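Protein chains: 4
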Amino acid sequence: MKLKVDINCDLGESYGQFKIGCDEEVMPHITSANIACGFHAGDPLVMKHSVELAKRHKVAIGTHPGFPDLMGFGRREMSLSPEEIRSYIVYQTGALHAFAKTVGMKLQHVKPHGALYSMAMKDPALARAIVQGVVAFDPGLIVFAQAKSEMVKAASKAGLRVAYEVFSDRAYNRDGSLMSRAASGAVIEDPKTVTKRAVEMVKNKRVVAADGKVADLGEVHTICVHGDNLKAVALVKGLRKGLEAEGISVVSVGNLV
Amino acid sequence: MKLKVDINCDLGESYGQFKIGCDEEVMPHITSANIACGFHAGDPLVMKHSVELAKRHKVAIGTHPGFPDLMGFGRREMSLSPEEIRSYIVYQTGALHAFAKTVGMKLQHVKPHGALYSMAMKDPALARAIVQGVVAFDPGLIVFAQAKSEMVKAASKAGLRVAYEVFSDRAYNRDGSLMSRAASGAVIEDPKTVTKRAVEMVKNKRVVAADGKVADLGEVHTICVHGDNLKAVALVKGLRKGLEAEGISVVSVGNLV
Amino acid sequence: MKLKVDINCDLGESYGQFKIGCDEEVMPHITSANIACGFHAGDPLVMKHSVELAKRHKVAIGTHPGFPDLMGFGRREMSLSPEEIRSYIVYQTGALHAFAKTVGMKLQHVKPHGALYSMAMKDPALARAIVQGVVAFDPGLIVFAQAKSEMVKAASKAGLRVAYEVFSDRAYNRDGSLMSRAASGAVIEDPKTVTKRAVEMVKNKRVVAADGKVADLGEVHTICVHGDNLKAVALVKGLRKGLEAEGISVVSVGNLV
Amino acid sequence: MKLKVDINCDLGESYGQFKIGCDEEVMPHITSANIACGFHAGDPLVMKHSVELAKRHKVAIGTHPGFPDLMGFGRREMSLSPEEIRSYIVYQTGALHAFAKTVGMKLQHVKPHGALYSMAMKDPALARAIVQGVVAFDPGLIVFAQAKSEMVKAASKAGLRVAYEVFSDRAYNRDGSLMSRAASGAVIEDPKTVTKRAVEMVKNKRVVAADGKVADLGEVHTICVHGDNLKAVALVKGLRKGLEAEGISVVSVGNLV
Chain A
32 MKLKVDINCD
42 LGESYGQFKI
52 GCDEEVMPHI
62 TSANIACGFH
72 AGDPLVMKHS
82 VELAKRHKVA
92 IGTHPGFPDL
102 MGFGRREMSL
112 SPEEIRSYIV
122 YQTGALHAFA
132 KTVGMKLQHV
142 KPHGALYSMA
152 MKDPALARAI
162 VQGVVAFDPG
172 LIVFAQAKSE
182 MVKAASKAGL
192 RVAYEVFSDR
202 AYNRDGSLMS
212 RAASGAVIED
222 PKTVTKRAVE
232 MVKNKRVVAA
242 DGKVADLGEV
252 HTICVHGDNL
262 KAVALVKGLR
272 KGLEAEGISV
282 VSVGNLV
Chain B
32 MKLKVDINCD
42 LGESYGQFKI
52 GCDEEVMPHI
62 TSANIACGFH
72 AGDPLVMKHS
82 VELAKRHKVA
92 IGTHPGFPDL
102 MGFGRREMSL
112 SPEEIRSYIV
122 YQTGALHAFA
132 KTVGMKLQHV
142 KPHGALYSMA
152 MKDPALARAI
162 VQGVVAFDPG
172 LIVFAQAKSE
182 MVKAASKAGL
192 RVAYEVFSDR
202 AYNRDGSLMS
212 RAASGAVIED
222 PKTVTKRAVE
232 MVKNKRVVAA
242 DGKVADLGEV
252 HTICVHGDNL
262 KAVALVKGLR
272 KGLEAEGISV
282 VSVGNLV
Chain C
32 MKLKVDINCD
42 LGESYGQFKI
52 GCDEEVMPHI
62 TSANIACGFH
72 AGDPLVMKHS
82 VELAKRHKVA
92 IGTHPGFPDL
102 MGFGRREMSL
112 SPEEIRSYIV
122 YQTGALHAFA
132 KTVGMKLQHV
142 KPHGALYSMA
152 MKDPALARAI
162 VQGVVAFDPG
172 LIVFAQAKSE
182 MVKAASKAGL
192 RVAYEVFSDR
202 AYNRDGSLMS
212 RAASGAVIED
222 PKTVTKRAVE
232 MVKNKRVVAA
242 DGKVADLGEV
252 HTICVHGDNL
262 KAVALVKGLR
272 KGLEAEGISV
282 VSVGNLV
Chain D
32 MKLKVDINCD
42 LGESYGQFKI
52 GCDEEVMPHI
62 TSANIACGFH
72 AGDPLVMKHS
82 VELAKRHKVA
92 IGTHPGFPDL
102 MGFGRREMSL
112 SPEEIRSYIV
122 YQTGALHAFA
132 KTVGMKLQHV
142 KPHGALYSMA
152 MKDPALARAI
162 VQGVVAFDPG
172 LIVFAQAKSE
182 MVKAASKAGL
192 RVAYEVFSDR
202 AYNRDGSLMS
212 RAASGAVIED
222 PKTVTKRAVE
232 MVKNKRVVAA
242 DGKVADLGEV
252 HTICVHGDNL
262 KAVALVKGLR
272 KGLEAEGISV
282 VSVGNLV
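Chains as they are written, first to last, in the working numbering: chain A, 32 to 288; chain B, 32 to 288; chain C, 32 to 288; chain D, 32 to 288.
Read the hints as simulated data drawn from the structure, not as lab findings.
Since the structure is predicted, the reported quantities are computational estimates derived from the model, not experimental observations.
Careful: at least some of the hints might be erroneous.
A pair holds if it fits inside one copy or across any two, identical chains being indistinguishable in the list.
[Stated by the list, open to error] In the SDA-like style, the derived pairs of lysine to any residue whose C-alpha atoms are separated by at most 20 Å in a straight line are:
| # | residue 1 | residue 2 |
| --- | --- | --- |
| 1 | K227 | A241 |
| 2 | K223 | E277 |
| 3 | K137 | A241 |
| 4 | K234 | N286 |
| 5 | K132 | G190 |
| 6 | K153 | R106 |
| 7 | K262 | K272 |
| 8 | K236 | E275 |
| 9 | K132 | Q163 |
| 10 | K50 | H257 |
| 11 | K86 | A167 |
| 12 | K50 | E114 |
| 13 | K234 | L248 |
| 14 | K50 | S112 |
| 15 | K153 | E108 |
| 16 | K223 | D259 |
Between the sequences and the hints, there should be enough to build the whole structure, so can you do that?
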């Protein structure tokens, strides 16, 4: 059977006159777009354009909800109640769904952003609150999460489909968790290395961790890439070509889980 | 044939710890709730509670989109492009729709808030942009507007149902437009007078204008009331009783247009 | 020598049309006003009015900086860098200073708000960042803090004057820390009990903790009161009378440290 | 006597992770920096860095207050009360003053941003409100305005110093007003033309208007330039060189009015 994987990227993170990312350049090379919903980034007009851009390139779309912290780009931890979290997920997902509906698209997935994502991987109560928000609005949505995380547990328990996500441009710890961004060597910038790691991740479900030992990753459904500068875009392009050259089909995650 | 009319009220205008309005007290007496969507007022948690409260009292709900101006409560005129307006309508309507969906409700209508409402009554381009936003998301939604306004023209042309709205606690000019809030006597506070005017508006489609002459109002589908203080709540209660005592049924506007 | 104490209250927490607190009613009875600066509450117009109100009643003013989280009223923990904290303190303090300057007043103190306050009592890095912001703008400002806290250490080390603050309407743990607001009995509402505790705190520098044992409080310079409803205002009034009846002068903290 | 002129540029318009402008590149070539204050752009950390950057290059700083509209970058007209305007000016100017104070700098001027600037040139009530805010905080500040504008009248009447500002990269109408940005040819991009126009403006106090006739500009104290992209930076560099080659000194406006 042919190997398949999804490539996802955070997009639509501009805000008014504030431009972030190379959305036009990266969109043709990915299969799932995580679109910001106005809390940590994105505004209604940006969301509209992002959805239209995704449609033009036949890229599946998902909601990318974040903390209500534009000044911190959703990267600062906030301590919210489960009820607040649930309602923030419903709000942001509903807003993006509306733009999807206007162009005849459906939402494929939900991928929390920044600190909300990383906290939810470890905090069962937070993971549960996110999952409840998703289930309340649309139990057909796929949740993105790292294998073995609290998010996977919460989503699976609630009957949601989960897409296991890896980061081929990030260093891993031996237990399969990501090395902290603050650590030296945490981000891998060489395109060839990134592609090679991605192929290894998809084919053999593992990666060489920072300590040189092999970390078991389990199933891999989607690879996260960045598109915030032109160098990143080149990396995405190379990654896709490299995967396909190895016989791995790159398809939207909705076909995989 | 029995006369019927809807009573609508702006609700869900609290924001975090900032409480506005007597939503719990006014909800039992109205038939349509216009719920703020986070731009001029309201936050996701408030929206959730407002939708649940409406459901409990079998009150129809609509979206109450406003300018992105929390500090000015959406009451300050802003000069936005039609494309911005359209996307703000889609965003806010989509967000409220999501909360409605989680409790199995449907949105009945859209009533723009504050300066957006009053500007749209007179500005054809703005009215058109709002209508395009509504049509793009859900052409089944009813738009609230004053008779003879640009909003009515734009909505009708686009094939939307329109509910003609009157304000029985506000003084009118002879041409059927509202007297400016700044003018002395613009707001009528005596409950009996308000009820009497409402009955006259529904029964005879007219009102005595500020200059003593009769102003023709045309069709009347919904009466707007306020619920921002306990005195206002008493007025709403009295209004509903007064209408019913005159043989006028008070029903959600979805049954009327 | 006559005993003296300051009474402080958080004020100016309205925002646009969103009204919070009974500022007009509470101002005549306090000696230090902590004025919100637009991040967790307060807007420029509210700040202007608050400063003018304080001037009218000869109440000393201080800045009440909070997290940039209007939706959460600054009560939700946020994880910010020391550099962010420093600049948020400078920004908010500078903004309030400007309003003070326009009416010929000077700032007396800085009291962080909500989660920023409670986190800073325990977190040395956060306390240090706040202190650095204060020192950078005006080393003449007094910092409010609970005795024995990290904030006291950081402020003292930097050469700032510190006012030791107590909460006579809150239950204490035996080590002199506040009982969590979530615990039952954490907030004391009986006016007589609150006054009696305040007198004991000022006279004997101690309080009966929740477990019935005596907690040593150390020096007491200022008592925090709330003014968010009319009952709270009555409590403040009673507290001031009660202190004065016991021969304790109520004066602005600038005279005490 | 040697001719002198100031070159000013809007800076510090980034916000959190959202980067705008080439502040590092443009700062060495200008003499006055207009720094955003957090309403339409800029955040506390950005303000801190901007003030430090200006200090390093010995560039005079001024406040660049805007409408509270981050999503619209302060470019959308808003209809605010004079009291709101006054307090927004005090707030933003006070916040920037605080950062200036921390590095031992003083504010030189105030230049309103975007729609606030262009509206204030024509609206006497708005111009007066801005001026009142400036006077209330610091009557020593210089106000930037176009010659013959309502802003000049209001500032002069209040006894403020005014710096007459021109835009050498913008087309003018014959009455000395700016051509609308929407009109074709409104923005001039050729560096040589821009420099030539600037020299003519400073030397002869006039410019060739869009209709080919000469428009009288009156006194010229400061030339506004943009630094939002690398091409713009090159233009600034060329402009400064060109002015100096013509024997015109480029100095901060505080030396000129």
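Hints, verified against the model:
Only within a single protomer do K227 and A241 lie at most 20 Å apart by alpha-carbon distance; the minimum there is 15 Å, versus 59 Å between protomers. For the identical chains of this complex, K223 and E277 are intra-copy neighbours only, at 13 Å inside a copy versus 54 Å across copies, given an alpha-carbon limit of 20 Å. Proximity of K137 to A241 under the C-alpha cut-off of 20 Å is found in neither arrangement, the shortest distances being 39 Å within a copy and 50 Å between copies. Taking the shortest alpha-carbon separations for K234 and N286, only the intra-copy value of 18 Å comes in at or below 20 Å, while the best inter-copy value is 60 Å.
Proximity of K132 and G190 under a CA criterion of 20 Å is satisfied inter-copy only: 19 Å between copies versus 25 Å inside one chain copy. Taking the shortest Cα distances, K153 and R106 sit within 20 Å of each other inside one copy (16 Å), while across copies they are farther apart (23 Å). Only within a single protomer do K262 and K272 lie at most 20 Å apart by alpha-carbon distance; the minimum there is 16 Å, versus 34 Å between protomers. For a Cα distance limit of 20 Å, the shortest separation of K236 from E275 inside one copy, 17 Å, qualifies, whereas the shortest one across copies, 65 Å, does not.
For the homomeric pair K132 and Q163, the shortest alpha-carbon distance between copies (14 Å) is at most 20 Å, but the shortest distance inside one copy (22 Å) is not. Taking the closest pair of Cα atoms, K50 and H257 come within 20 Å of each other both inside a single copy (15 Å) and across two copies (17 Å). Within a single copy, K86 and A167 get their C-alpha atoms only as close as 26 Å, which misses the 20 Å cut-off; across copies the closest is 16 Å, which meets it. Taking the closest pair of Cα atoms, K50 and E114 come within 20 Å of each other only across two copies (18 Å); inside a single copy the shortest separation is 32 Å, beyond that limit.
Taking the closest pair of Cα atoms, K234 and L248 come within 20 Å of each other only inside a single copy of the chain (11 Å); across copies the shortest separation is 64 Å, beyond that limit. In this assembly of identical chains, the alpha carbons of K50 and S112 lie at most 20 Å apart only when taken from different copies (19 Å versus 32 Å within one copy). Proximity of K153 and E108 under a CA criterion of 20 Å is satisfied in both settings, with 13 Å inside one chain copy and 18 Å between copies. In this assembly of identical chains, K223 and D259 lie within 20 Å of each other by CA distance solely inside one copy; the values are 19 Å within and 34 Å between copies.
The earlier numbered hint that this structure contradicts is number 3, and it is the only one.
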